[in-house]
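2 protein chains.
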Amino acid sequence: MAPSSSPTLRTTSEADEEKYANVKWEELGFALTPTDYMYVAKCRQGESFSQGKILPYGDISISPCSPILNYGQGLFEGLKAYRTEDDRVMIFRPDQNALRMQAGAERLCMTSPSLELFVDAVKQTVLANKKWVPPPGKGTLYIRPLLIGSGDTLGVAPAPENTFLIYASPVGDYHKVSSGLDLKVDHKHHRAHSGGTGGVKSCTNYSPVVKSLFEAKSSGFSDILFLDAATSRNIEELSACNIFIVKGNIVSTPPTSGTILPGVTRKSISELARDIGYQVQERDVSVDELLEAEEVFCTGTAVVVTAVETVTFHDKKVKYRTGEAALSRKLRSMLTNIQMGIVEDKKGWMVEIDRCQGW
Amino acid sequence: MAPSSSPTLRTTSEADEEKYANVKWEELGFALTPTDYMYVAKCRQGESFSQGKILPYGDISISPCSPILNYGQGLFEGLKAYRTEDDRVMIFRPDQNALRMQAGAERLCMTSPSLELFVDAVKQTVLANKKWVPPPGKGTLYIRPLLIGSGDTLGVAPAPENTFLIYASPVGDYHKVSSGLDLKVDHKHHRAHSGGTGGVKSCTNYSPVVKSLFEAKSSGFSDILFLDAATSRNIEELSACNIFIVKGNIVSTPPTSGTILPGVTRKSISELARDIGYQVQERDVSVDELLEAEEVFCTGTAVVVTAVETVTFHDKKVKYRTGEAALSRKLRSMLTNIQMGIVEDKKGWMVEIDRCQGW
Ligand SMILES: Cc1ncc(COP(=O)(O)O)c(C=O)c1O
Ligand SMILES: Cc1ncc(COP(=O)(O)O)c(C=O)c1O
Numbered sequence: 001m002a003p004s005s006s007p008t009l010r011t012t013s014e015a016d017e018e019k020y021a022n023v024k025w026e027e028l029g030f031a032l033t034p035t036d037y038m039y040v041a042k043c044r045q046g047e048s049f050s051q052g053k054i055l056p057y058g059d060i061s062i063s064p065c066s067p068i069l070n071y072g073q074g075l076f077e078g079l080k081a082y083r084t085e086d087d088r089v090m091i092f093r094p095d096q097n098a099l100r101m102q103a104g105a106e107r108l109c110m111t112s113p114s115l116e117l118f119v120d121a122v123k124q125t126v127l128a129n130k131k132w133v134p135p136p137g138k139g140t141l142y143i144r145p146l147l148i149g150s151g152d153t154l155g156v157a158p159a160p161e162n163t164f165l166i167y168a169s170p171v172g173d174y175h176k177v178s179s180g181l182d183l184k185v186d187h188k189h190h191r192a193h194s195g196g197t198g199g200v201k202s203c204t205n206y207s208p209v210v211k212s213l214f215e216a217k218s219s220g221f222s223d224i225l226f227l228d229a230a231t232s233r234n235i236e237e238l239s240a241c242n243i244f245i246v247k248g249n250i251v252s253t254p255p256t257s258g259t260i261l262p263g264v265t266r267k268s269i270s271e272l273a274r275d276i277g278y279q280v281q282e283r284d285v286s287v288d289e290l291l292e293a294e295e296v297f298c299t300g301t302a303v304v305v306t307a308v309e310t311v312t313f314h315d316k317k318v319k320y321r322t323g324e325a326a327l328s329r330k331l332r333s334m335l336t337n338i339q340m341g342i343v344e345d346k347k348g349w350m351v352e353i354d355r356c357q358g359w
Numbered sequence: 001m002a003p004s005s006s007p008t009l010r011t012t013s014e015a016d017e018e019k020y021a022n023v024k025w026e027e028l029g030f031a032l033t034p035t036d037y038m039y040v041a042k043c044r045q046g047e048s049f050s051q052g053k054i055l056p057y058g059d060i061s062i063s064p065c066s067p068i069l070n071y072g073q074g075l076f077e078g079l080k081a082y083r084t085e086d087d088r089v090m091i092f093r094p095d096q097n098a099l100r101m102q103a104g105a106e107r108l109c110m111t112s113p114s115l116e117l118f119v120d121a122v123k124q125t126v127l128a129n130k131k132w133v134p135p136p137g138k139g140t141l142y143i144r145p146l147l148i149g150s151g152d153t154l155g156v157a158p159a160p161e162n163t164f165l166i167y168a169s170p171v172g173d174y175h176k177v178s179s180g181l182d183l184k185v186d187h188k189h190h191r192a193h194s195g196g197t198g199g200v201k202s203c204t205n206y207s208p209v210v211k212s213l214f215e216a217k218s219s220g221f222s223d224i225l226f227l228d229a230a231t232s233r234n235i236e237e238l239s240a241c242n243i244f245i246v247k248g249n250i251v252s253t254p255p256t257s258g259t260i261l262p263g264v265t266r267k268s269i270s271e272l273a274r275d276i277g278y279q280v281q282e283r284d285v286s287v288d289e290l291l292e293a294e295e296v297f298c299t300g301t302a303v304v305v306t307a308v309e310t311v312t313f314h315d316k317k318v319k320y321r322t323g324e325a326a327l328s329r330k331l332r333s334m335l336t337n338i339q340m341g342i343v344e345d346k347k348g349w350m351v352e353i354d355r356c357q358g359w
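Sequence lines, in order, name chains X and U. Under the working numbering, the residues of the first sequence are numbered 1 to 359, in order. Under the working numbering, the residues of the second sequence are numbered 1 to 359, in order.
Derived from the structure by calculation, the hints contain no laboratory data. All the pointers check out, no bait thrown in.
No copy labels: a pair is met if it fits in one copy or bridges any two.
Straight-line alpha carbon distances no greater than 30 Å define the calculated DSS-like cross-link-like pairs of lysine-lysine that follow:
{"hint": "1", "residue 1": "K217", "residue 2": "K42"}
{"hint": "2", "residue 1": "K188", "residue 2": "K267"}
{"hint": "3", "residue 1": "K176", "residue 2": "K330"}
{"hint": "4", "residue 1": "K211", "residue 2": "K42"}
{"hint": "5", "residue 1": "K319", "residue 2": "K267"}
{"hint": "6", "residue 1": "K211", "residue 2": "K188"}
{"hint": "7", "residue 1": "K131", "residue 2": "K19"}
{"hint": "8", "residue 1": "K317", "residue 2": "K267"}
{"hint": "9", "residue 1": "K217", "residue 2": "K317"}
The following block holds chain X by itself, in its conformation from the complex (with noise of 0.2 Å):
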């Protein structure tokens, strides 16, 4: 071993400890590994957002009666950055968060950050964090953007103040599971209704679904499928990733018609597989189509595409294609080996994040 004295000899394990933080990335799943660094910006009602800091990772000071504490005023994000095989760290189309957070702030009557703002922001928070992200194959950086309503305000009215934070946390597959999805339709709660806030990452859209989540869990069942409010006839989506069915060459998924949520791996997914000659359909998806399907699958960021392997709906049971047959893996693998940088990228999907700033 090379004395610790001479510093221009240094061992593999201190390169490592460098470039890698101290995780047992094998173990990863779906939960927070506190990383370093977190990003933080304020801005009071009527202006705009300007640059932001990043502090060390840690609890937040926040007024008790701040709207986010008492009237659910908040937005949040979710992307992931990825190592690739040659060592960069690429963020997949922060752009389309950065558009979905401010079609949520509209709806919530909130500040919300420019485009450039959030992209270069959640660019900082990765560079800051870059130790964090596992090494190609092992999991990604999973990159939470927020926007909540701070300051003071006992009544209902729109937040004096909006703070824009983003932290980070490496994370494992979202679930465990080696085929498919086991998923039971929920005819009890509905997510969403028209005129609500379906369509937009709400914080507001979450704890209402705890409860149906829960009790599936407890079930042995993988997650939830919401059906639409008003006619309980739909599919809408799961607790937190957009839903398809496939038919021969068809295949469908329920419209952004405001209930559900407009998923960025839903848009990429569905461009993908007309690429590959599907035929993609938008359109209202009967629970009587679901149970003739030959697939289905789900997409998000945290779940990538997953197979279904099962649904439930009440005492009826249904099994789908799942392996290397079905559409979904294929799909997988096409997204992924972008995001990897296995495969070129000829969307523009994939952003890197500069070494230049600080590295």
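Using the hints provided, position chain U with the ligands relative to the given structure of chain X.
Chain U with the ligands in isolation, oriented as in the chain X frame:
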């Protein structure tokens, strides 16, 4: 003037200074005037709440990865403390707020404080902030209990920790109106859907209505009246209070079947209306019936009982009875007379803040 070195002879202004905080009571609206103390208790998942602490009022520290900031996992309550002419401080039916928080916690998979702990914590908070309880007739001390999902959880799941916090603020009138409210019926947005969280005081029910409310207020309306999401035919409630219609001897209000909040004032006013010979019906009330009513009024802790002067539905604007002749005026007096200790509380609704605990 007595010399300040004589502790037994105090001037009126010094005594007043001790008894009352320095507030211009006449100028109070429904906005935060920070008081001295707040109550805070924490409880880990699977455990139950034990006695919390009275702390100086101020910002709290919370994880960026907490369920309240990311997933809207939070409930709130609202009740008031009243100062009577003979200088007692009373709170109104705190047990009802405790029970409603428990129902909400059950719906959001949270841990709620017991009824006893809740009521005791409210009392402690009022006691600690006693000098902020306005003089009789000059306002009330609004008390805001919060139950929020704290701790860290990256995925959508029950919170690993719950924080129960109470703060308080002296308040005046919620609406600055002379004769009655001008309501606009919202036919674009709904507040709640069946199987959602409309029946509990979840924070997730409020940020989604800010846009409607803000737009209505910008057009000169006092508040929004929401219709049911299923049919858009029946009236539900306002952004933060319940609604009643009066025709002849019949007082009607929408039923608490999951999409409206079971208001404590609603329940109390129904009882008072029955006491004076009205027939009170809890049933679906259509927009048509609303437009044909003789009188319309709203109830809530913040608004107490407030007459509605006009309702605007699309291009139609209807005017209702207000003023001395209105039932709402009578019911409001009956209620506030009990709350202010002007008439005897035969119903056991008022709870006195004990002087014994440290006073
Ligand atoms: C409700 C819901 N649907 C769908 C998605 C998928 O969106 P995306 O592909 O942008 O991650 C998410 C978030 O990840 C979600 O929370
Ligand atoms: C939506 C909503 N409806 C009704 C009410 C009235 O309830 P309470 O009379 O218990 O204050 C409130 C809260 O104050 C509310 O937020």
